[in-house]
Amino acid sequence: ETGVTQTPRHLVMGMTNKKSLKCEQHLGHNAMYWYKQSAKKPLELMFVYNFKEQTENNSVPSRFSPECPNSSHLFLHLHTLQPEDSALYLCASSQEVGSSYEQYFGPGTRLTVT
Amino acid sequence: GQNIDQPTEMTATEGAIVQINCTYQTSGFNGLFWYQQHAGEAPTFLSYNVLDGLEEKGRFSSFLSRSKGYSYLLLKELQMKDSASYLCAVRDRASGTYKYIFGTGTRLKVLA
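Which chain is which? The protein sequence lines are A and B, in order.
For any residue, its number in my numbering is found by taking its place in the first sequence, counting from 1, and adding 844.
For any residue, its number in my numbering is found by taking its place in the second sequence, counting from 1, and adding 396.
Calculated directly from the structure, the hints in this document are not laboratory data.
Fair warning: this is a prediction, and the values are worked out from it, not measured in the lab.
It cannot be assumed that every hint is accurate.
To be verified - Derived Cβ-Cβ restraints for the label pairs, each shown as a range:
no., chain 1, residue 1, chain 2, residue 2, range
1, A, Thr860, B, Asn399, 33 to 43 Å
2, B, Gly449, A, Thr860, 17 to 27 Å
3, A, Thr958, B, Leu447, 41 to 51 Å
4, A, Lys866, B, Arg489, 28 to 38 Å
5, B, Glu410, A, Thr860, 27 to 37 Å
6, B, Glu437, A, Ser903, 25 to 35 Å
7, A, Gln939, B, Gln398, 19 to 29 Å
8, A, Lys884, B, Glu410, 25 to 35 Å
Said to hold, decoys possible - Pairs of lysine to aspartate or glutamate, EDC-like flavour, derived with a Cα cap of 16 Å:
no., chain 1, residue 1, chain 2, residue 2
9, B, Lys495, A, Glu900
10, B, Lys495, A, Glu946
11, B, Lys505, B, Asp488
12, A, Lys863, A, Glu911
13, A, Lys896, A, Glu911
14, A, Lys862, A, Asp929
15, B, Lys453, B, Glu437
16, A, Lys884, B, Glu405
17, A, Lys884, A, Asp929
18, A, Lys862, A, Glu911
19, A, Lys880, B, Glu437
20, B, Lys477, B, Glu410
21, B, Lys464, B, Asp448
22, A, Lys885, B, Asp401
23, A, Lys896, A, Glu868
24, B, Lys505, B, Glu473
25, A, Lys880, A, Glu900
26, A, Lys884, B, Asp401
27, A, Lys885, B, Asp478
28, A, Lys896, A, Glu940
29, B, Lys505, B, Glu405
30, B, Lys495, A, Glu940
31, B, Lys495, A, Glu888
32, A, Lys885, A, Glu928
33, B, Lys472, B, Glu451
34, A, Lys880, A, Asp929
35, B, Lys477, B, Glu451
36, B, Lys505, B, Glu410
37, B, Lys453, A, Glu946
38, A, Lys880, A, Glu928
Just so it is clear, CB atoms sit at the ideal spot from N, CA and C, and this is done for glycine as well.
All chains, please: the whole structure from these sequences, using the hints.
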């Protein structure tokens, strides 16, 4: 248990569906992140929020839409995804962005797009 | 561009010492992290280096040379539970915002 929870743990969706991934951290952190992890590829940073403000969008397609209503919750809204979007989506948090603050990762959501 | 290289796989024997290397190219280096990831689990933090030199934490140590764009993770007294992937990650601030760039990870197998 890292103090970061993600739901659902597994998700299968069709290309025309709309779904959302949820992340919650219980660590009192101020920064939250979304990553994509595909087989045999490096972890890819997608979005960064620092004190609820989005500070980084790493050229992510608009079919992925993040939302950070408060410092403890982070959502990733998904619509009209492609099969190549199938991957493990990891949420992470840290005290702040920068300095020596390490990231704490959630268990991930395994997404399959059919 | 930004790039991180680390070996894909390594094998070592229980009780031995193993060194996992990482080389990187970034324009705005702002710190280097090592994470451990067991199969099917989330990455967990191992170490952080921002200045040159060695950081020691129990059985694990991490070294950084910024001039060479090089780091290594040293694992001593290997145990079977150390079988995992080890991820090298660099934080870059060239564009004014923080980016975290990960390597593909080194899968370490510890044999009895």
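| query | For this structure, which hints from the list above don't hold up? | reply | Per hint list: 2, 5, 11, 15, 27, 35 violated.
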